[in-house]
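A.B. asks: Dock chain G against the given chain H, drawing on the hints supplied.
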Amino acid sequence: MAVYKRRYNPYHGPLTPEQSRFLVLTRYALAELFRSRVFVLLLVLALVPTLFFAVYIFLVNNSAIQLVVQLRAAGGFAVESKFFFVLMVIQTQLSFLLSCWVCPTLVAGDLVNGALPLFLSRPFSRPEYVLGKCAAIALLLSAVTWVPGLLLFSLQAGLAKDGWIWTHLWMVVPIVFCSAVWILMLSLISLAVSAWVRLRIVATGVIFCAFLVPAGLGAIFNTIMNTYWGNLLNFSQLFSLILIKGFRLESELGGPVGLEQVPLFAAWIMMILVCVISLYILNARLRACEVVRG
Amino acid sequence: MAPTIELDGLDVQLGGRTILRTLTGVLNSRAIGLLGPNGAGKSTLINTLLGFHRPSKGSVRILGLDSHRDGKALRALVGYMPETDAFIAKMSGVRFVRYMAELSGLPPDQAMERAHEAFVYVGLGEARYRMVGTYSLGMKQLAKLAQAIVHGPKLLILDEPTNGLDPPARKRLLELVCEIREASDICLLLSSHLLRDVEETCDQVLILRDGRVASICDLAEERRGNRKFLEMETCGAEPAFAAALQSLGCECGLFGNGRMKVVLPDAVEIRDVYKVAAERGVQIRRMNHRRDSLQDIFLNAMEQSGGTSGRI
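Chains as they are written, first to last, in our numbering: chain H, 1 to 294; chain G, 1 to 312.
These aren't lab readings, by the way, just hints derived from the structure by calculation. In this text the structure is predicted, and so the values were computed from the model without any measurement. Just to be clear, a hint being listed does not mean it is correct.
Quick look at which bits of chain H chain G covers, simulated, 3 or more residues with Cβ under 8 Å [unchecked claim]:
no.	segment
1	10 to 17
2	25 to 36
3	136 to 144
4	196 to 209
5	277 to 289
If you only want the chain G side, here are some residues facing chain H, beta carbon under 7 Å, derived [as the list claims (entries may be wrong)]:
no.	residue
6	D85
7	P107
8	S184
For glycine and all other residues, C-beta sits at the position ideal for the given N, C-alpha and C.
Next comes chain G alone, as it looks inside the complex:
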């Protein structure tokens, strides 16, 4: 199967300035997050993926199709939810989504049916006959999502989908995004300033800085790695406890006052740690998996790519 996104030395120049510089990398996860400080080139990359900008050098392939050469065929596979306002004010919600579905090639009756489905699905069923111009910001975001999924795309591109949403609306939208991802074989590209949004929905992250790739990180792999790294606070007989854990194959570090860090081998589960503690009469007062959060990954990427971390 072709990678979701394949960047091959991609350069994009706009208005005489180079915005994206030699982007190279393969993103093959089904849910990709796009992160970067302001001006890093996230929106330019999305616009290039959609064929709105022509690469000045290199190329980008999405689901095996060249963004420039196979623009039309590619856009038939894509659903796009832009960051900014994008609607026709004097059109009812369902008619607007139907219009977009027909432009994607659905016959009128199918488009109508899918528009109703999409509107009900995103939770705007009651408001579907109202003019889009009268919608609140949250409703407009949902209407944009409805038009992006109405034609059943293979890749859903979401540019800052939770912008301006209150916490319940944000939670609902992210749940929808996760649901869409799970319900079919659809791929997802989510650009957001909110690291938590990306963390909750994506498996792989592309971090941009100054138009360059700062990092490509596999979140799923990180999560798996984090599960085997424990931080504990214990009380009583720590050296013996540590020795017993080492005899199981764990790596232990003692930091005084009962604090210790443990790396578990694949064969050892957390319940084995509890068992050893019970045998040695050690109290485990606190136990955490190390959470190497996306924020750490992001800040690391910013530091490694040079300079101070950018504003996000």
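Here chain H stands alone, though its shape is the one from the complex:
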């Protein structure tokens, strides 16, 4: 119907499948994000290290340039598991910075002006809301974690000879799996904090604090009590522990200071616990209407 015909008309047309409707949220979230110049700048910056790593792979696999630059003599290392471990550590830290900006932007806009009841008064549930937002975050964080990791892996596989790909194919698993774990934890923590705080700028600060303050407290606890269990509050270190195990670098790296003493299962339990707490906060805060108790 033409817009100039000012008359109310009921809708009798087709509907999209219910199962994929959360992707509407993802699509709109991404579209809104890419309108922000700050976000685009952050995303580009997050991909710069990948570019350097790609150049490094090219140099390592080019014998003529190696002769000129004498890369190995200059302290370079081979493109093995340690190379991808370093890549993943750098990229996951950058993804953390990116999520500090992205998550509050995605959630605060809906919550601060009370748009949530409009979402939830449609055939759309709270888990679908969280799923839609998480999918947007996961896509973005994937673009700076496992996707560049796999691209660099493919580049190395293409440039290296002697069946490098077959002897290193196992590394695909830690690249994808560890990134997925990190993305899941980061998304849930960031969404929970954003839903809790609601104000975008404050939420960005609180997400930083949610990672840095417990880590600092853990370090103080370790110093005072002369123990290592405080490391369980350092999420980045926990993830590094999982990465070390994933890339089979226990003997080579030995883990960051003190971390070698934290059992892997404790790291897993801690990360699962953090995810559960985040889900609890999301469940409590993402409601169409608040109930005042008492």
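C.D. replies: Same frame as chain H, but now just chain G:
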């Protein structure tokens, strides 16, 4: 056809307090008003209808669907305009409404077309590309109405739709609501503090007090009843005039100084009264239908349900 709203012993507890107590009743009109003093449970009832609150006892069915069990299917049929601010500030009006339409299941191209239609329909066509955050209060109300109707719901729930509107904007919004009601088979649930809003748009009223049903009143029936009840001021030969009216089958009461009240039977029209007055040489100086206004109904309901009438 299933009733619009069917309350079956509905209890809702929130934060350890019982807000709605054993609400029972059937509302089968197409335009239902929801009235009650502050804290009567109007918003809680709307939130329960939308599935935001779970009934602690009993159930509520809307258009035949259980609000809790069939929540998703029910919300597909509902358009909701909340009382409070509800918008995404950094989104243009038409994009915001399109977004909501897509969440209701409309394909993107259809959603875009309907969003433009809805915006033009509510009278915000010129402002549709402006950020919603820059809208005035009245424009935000209209934008909320646009998002509520964009997907063509079967039931439109309006929570205090005229809040904060100036008289022309209020009139325009109520006209729109009436127009929407007349233009299709859409049902309407309107909660308002303003009795006139409800009176102008609704056929049936649910009055709540302290979380209980104080009254369910059929306004259309009341209006029909009021048409047959006359209050008159006459001059000259009142007893003869009254006797002549009684011979037509009317019930008459004389109150002195020419004041009289008349209940007309179905067969008698007002022009018959004028005819009899002319024959008897009686002047009719004033004639009113009795207007048993919604305010009277509301106050009666408040008194009957106990205590003084609540603040509205």
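A.B. asks: Given G/P107 as an interface hint, is the shortest Cβ-Cβ distance to chain H below 7 Å?
C.D. replies: holds, 6 Å
A.B. asks: Do the numbers back the hint for G/S184, that is, is its least Cβ distance to chain H under 7 Å?
C.D. replies: With Cβ-Cβ at 5 Å, under 7 Å, it holds.
A.B. asks: Are at least 3 residues of the segment 136 to 144 of chain H within less than 8 Å of chain G when you compare beta carbons?
C.D. replies: violated (count 0)
A.B. asks: Within the segment 10 to 17 of chain H, is the number of residues with a Cβ closer than 8 Å to a Cβ of chain G three or more?
C.D. replies: holds (count 7)
A.B. asks: Tell me if chain G covers the segment 277 to 289 of chain H under the three-residue, 8 Å CB rule, please?
C.D. replies: holds (count 3)
A.B. asks: For the segment 25 to 36 of chain H, count the residues whose Cβ lies under 8 Å from any Cβ of chain G; is that count three or more?
C.D. replies: Coverage by chain G holds for the segment 25 to 36 of chain H (3 residues, Cβ < 8 Å).
A.B. asks: Mind checking, does the segment 196 to 209 of chain H have 3 or more residues with a CB under 8 Å from chain G?
C.D. replies: Result for this restraint: violated, n = 0.
A.B. asks: Grab the minimum C-beta distance from G/D85 to chain H and call the hint holds if it beats 7 Å, violated otherwise.
C.D. replies: holds, 5 Å
The structure shown violates the earlier hints numbered 3 and 4.
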